[in-house]
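Asker: Given next are the chains, with one letter for each unit.
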Amino acid sequence: MEEARNLDVFFYPKSVAIIGASRDPKKTGNALIQNLLNYGFQGTVYPVNPTEDEILGVKAYRSVGEIPGKVDLAIFTVPAPAVVKLMEECGHMGVRAGVVHSSGFAEVGKEGAQLQRQMVEIARKYGIRLVGPNCVGILCTESRLPWARRSTFPQEVGNVSVISQSGGGGGSFVNLAVHRGICFNKIISIGNECDVSVIDFMDYFRTDPKTDIIFIYLEGFKDGSRFLDVAKGLTSTKPVIVYKIGRTEVGERAAASHTGSLAGSIRVYDGVFRQTGVLRAEGIDEGLDYLVVFSNLLFKQGAPKGKRVGIVSGPGGPGVATADACVEAGLEVPDFSADTKQRLVERIPTATRANPTETGDFGFVATMKERDPYGALVSIVEQDDSVDMIAIVGPGEFNPEGFRDVVLGVQNRCKKPFIVIWPSAGEGVETCKKSLEAAKIPLFSTPERGAKALGALIRYQEMVRRLERRESGR
Amino acid sequence: MSLQEIRAAMAKCRETGQRFVSNAEVKRILSYYGIPIVHEGVAQSVNEVKKVSESIGYPVALKIISPDIAHKTEAQALKLNLKNSGEVEKAYSDLLAKVQAYKHDVKVEGYLIQEMVEDGVETIVGLHNDPTFGPVLMFGLGGVWVELLKDISFRVIPIERSDAVDMVEEIKGSRLFKGFRGGSPLDTDALYDILLSVSRLGLELKEVKELDLNPVFLREKGAIVADFRILINIG
Numbered sequence: 164m165e166e167a168r169n170l171d172v173f174f175y176p177k178s179v180a181i182i183g184a185s186r187d188p189k190k191t192g193n194a195l196i197q198n199l200l201n202y203g204f205q206g207t208v209y210p211v212n213p214t215e216d217e218i219l220g221v222k223a224y225r226s227v228g229e230i231p232g233k234v235d236l237a238i239f240t241v242p243a244p245a246v247v248k249l250m251e252e253c254g255h256m257g258v259r260a261g262v263v264h265s266s267g268f269a270e271v272g273k274e275g276a277q278l279q280r281q282m283v284e285i286a287r288k289y290g291i292r293l294v295g296p297n298c299v300g301i302l303c304t305e306s307r308l309p310w311a312r313r314s315t316f317p318q319e320v321g322n323v324s325v326i327s328q329s330g331g332g333g334g335s336f337v338n339l340a341v342h343r344g345i346c347f348n349k350i351i352s353i354g355n356e357c358d359v360s361v362i363d364f365m366d367y368f369r370t371d372p373k374t375d376i377i378f379i380y381l382e383g384f385k386d387g388s389r390f391l392d393v394a395k396g397l398t399s400t401k402p403v404i405v406y407k408i409g410r411t412e413v414g415e416r417a418a419a420s421h422t423g424s425l426a427g428s429i430r431v432y433d434g435v436f437r438q439t440g441v442l443r444a445e446g447i448d449e450g451l452d453y454l455v456v457f458s459n460l461l462f463k464q465g466a467p468k469g470k471r472v473g474i475v476s477g478p479g480g481p482g483v484a485t486a487d488a489c490v491e492a493g494l495e496v497p498d499f500s501a502d503t504k505q506r507l508v509e510r511i512p513t514a515t516r517a518n519p520t521e522t523g524d525f526g527f528v529a530t531m532k533e534r535d536p537y538g539a540l541v542s543i544v545e546q547d548d549s550v551d552m553i554a555i556v557g558p559g560e561f562n563p564e565g566f567r568d569v570v571l572g573v574q575n576r577c578k579k580p581f582i583v584i585w586p587s588a589g590e591g592v593e594t595c596k597k598s599l600e601a602a603k604i605p606l607f608s609t610p611e612r613g614a615k616a617l618g619a620l621i622r623y624q625e626m627v628r629r630l631e632r633r634e635s636g637r
Numbered sequence: 056m057s058l059q060e061i062r063a064a065m066a067k068c069r070e071t072g073q074r075f076v077s078n079a080e081v082k083r084i085l086s087y088y089g090i091p092i093v094h095e096g097v098a099q100s101v102n103e104v105k106k107v108s109e110s111i112g113y114p115v116a117l118k119i120i121s122p123d124i125a126h127k128t129e130a131q132a133l134k135l136n137l138k139n140s141g142e143v144e145k146a147y148s149d150l151l152a153k154v155q156a157y158k159h160d161v162k163v164e165g166y167l168i169q170e171m172v173e174d175g176v177e178t179i180v181g182l183h184n185d186p187t188f189g190p191v192l193m194f195g196l197g198g199v200w201v202e203l204l205k206d207i208s209f210r211v212i213p214i215e216r217s218d219a220v221d222m223v224e225e226i227k228g229s230r231l232f233k234g235f236r237g238g239s240p241l242d243t244d245a246l247y248d249i250l251l252s253v254s255r256l257g258l259e260l261k262e263v264k265e266l267d268l269n270p271v272f273l274r275e276k277g278a279i280v281a282d283f284r285i286l287i288n289i290g
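Chains as they are written, first to last, in my numbering: chain A, 164 to 637; chain B, 56 to 290.
Calculated pairs, BS3-like style, for lysine-lysine (alpha carbon to alpha carbon, straight line, at most 25 Å):
id, chain 1, residue 1, chain 2, residue 2
1, A, K248, A, K288
2, A, K177, A, K233
3, A, K603, A, K578
4, A, K385, B, K261
5, B, K227, A, K407
6, A, K373, A, K395
7, A, K407, B, K205
8, A, K504, A, K532
9, A, K385, A, K273
10, A, K248, A, K222
11, B, K162, B, K82
12, A, K385, B, K264
No lab work stands behind these hints: they were computed from the structure.
From just these sequences and the hints, can you work out the full model?
Answerer: Laid out in structure tokens, this is it:
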């Protein structure tokens with residue numbers, strides 16, 4: 164644990180040196196300083212450039228050796244051979260950690276790999292931990308440490324942390340997620356993993372009080388057996404969601420056995436994930452949906468006690484479609500109690516008594532704000548003991564503002580976890596969807612996506628119970 | 056046979072550059088790990104084949120033993136459900152012609168006569184060295200369907216009994232094991248035993264590169280291996 168906590172310096176450095184700081188706006192070394200200023204980095208910034216006195220209004224230094232204060236984190240944007248040379252100087256100056264953005268290392272071939280080895284050797288000599296090379300850096304919403312080569316940043320501090328083996332892919336995923344109302348804490352572009360690995364950061368997040376959910380944009384693990392050890396102690400307290408790209412080359416070997424020919428990497432990964440309680444999202448959409456459900460239902464609204472869904476819908480078809488999708492996703496759509504049925508029709512005479520219940524009369528949509536049929540039905544359904552969570556299915560394009568306000572009202576009152584499925588589009592709808600996402604409403608555009616994400620949450624809970632049973636059975 | 060003897064036998068295979076462990080050797084290994092195999096015997100001549108068939112009892116399956124044949128179905132190197140000595144005799148000559156057509160200079164080491172198992176569901180249990188995770192255990196629907204359906208699950212070894220249960224329940228075809236069309240449920244406990252034994256085998260015999268038990272007949276009482284193969288690392 165001591166070891167893992169040492170990685171704090173990557174997220175909360177008191178000072179950073181930008182080695183390769185530049186006045187040229189086209190260079191990473193310039194954009195990075197701009198980003199540090201724009202994002203509001205709370206520590207001291209030391210631009211390092213052999214000829215400049217000042218960059219973007221920040222006093223610059225000719226070398227790391229000239230920096231008057233202590234440097235926690237050095238960020239390298241200079242060419243690969245220069246990184247190797249300057250690492251020694253960083254060691255002398257007591258730099259604790261380095262993030263190497265520069266490419267031209269192991270990813271380009273033998274000579275690059277040699278440079279990478281030299282760099283790591285020097286860093287180890289001085290106890291400097293390294294992230295990268297060939298990455299877009301580390302972002303922390305708390306310390307306002309920004310990544311490079313991107314112009315937008317997640318603003319709000321949250322509980323989701325990301326480890327990405329793809330700089331571009333991971334960053335784009337985060338930006339998509341921000342639009343779904345997800346709030347992040349720490350984001351790492353891991354690059355070539357010359358020193359600190361994906362698994363090291365998983366281990367770090369295990370004891371990081373600010374991280375509740377871990378998302379990994381994965382090509383492959385370097386040390387499979389260590390992954391098993393780390394993941395087993397992690398997944399039952401913090402959900403780990405993996406989006407896996409790429410496949411290991413196993414095809415060259417002639418398939419001499421059935422097992423050999425069937426053991427494609429993704430199938431083996433799936434087995435390992437089940438063994439360790441990791442959830443694999445089959446696509447970006449699924450990854451985003453999982454995060455929406457996990458961050459809202461598990462850590463804000465409160466986890467559902469079981470897998471029974473009560474569905475409250477405006478339109479008939481989409482309500483039934485949601486029921487279908489829930490059942491297909493492994494959830495249950497139970498019949499309401501006699502008491503609930505009675506209260507539903509007493510309150511809204513046109514409502515259907517079954518689950519899903521529908522408001523039944525278009526007039527209610529038009530007068531949504533005044534009569535609030537959704538809110539009325541939800542407040543009855545949530546009191547039914549046979550329901551663990553609620554799916555609210557939105558109306559068409561008519562009166563989207565009314566529905567938006569109704570949902571915000573439900574958010575304030577509803578005591579059971581809920582999601583909103585709004586299978587509709589159009590200018591007014593889009594605007595209202597944006598404000599719901601900004602208000603952290605778990606919102607889905609189709610019944611299938613919403614139900615699948617709820618299904619994943621239930622699967623996760625079952626997995627945790629199974630892992631706990633196993634531990635206690637020992 | 057002891058673990059030392061098994062290791063010695065494997066070391067010998069490696070020295071002679073033999074990728075597949077011989078049929079007799081595999082049988083000894085499986086028996087050491089308590090993995091049940093169908094009754095069988097090996098013969099060289101047609102008369103011997105008939106004699107062994109008698110002693111096992113009809114119906115029997117007849118298979119060619121050859122280092123040149125990895126997948127017996129593809130090479131048509133097996134005949135099933137032979138009911139009497141006449142059928143066995145005919146199968147004997149048919150098989151030789153078939154495998155020679157498959158590979159003209161095929162090396163035939165002998166003939167394997169097995170008790171015919173027809174009841175139960177064919178499954179596969181395998182072991183494979185994954186480049187990332189090391190030895191992984193595979194379970195799935197077996198027999199000739201395995202590569203078509205790919206209804207399989209994996210776990211890194213060692214596994215516990217609950218992993219074995221998960222592996223079996225995870226595949227789509229697991230409903231077949233619970234009894235269908237009025238049949239009784241199949242003996243999945245016996246299957247878990249085999250999975251756990253193979254897990255132990257993989258842990259103790261690092262020399263094993265790949266292992267196939269296919270098919271493993273899962274029956275109402277017991278589970279039994281009808282064909283098997285072990286490849287070792289010779290690199």
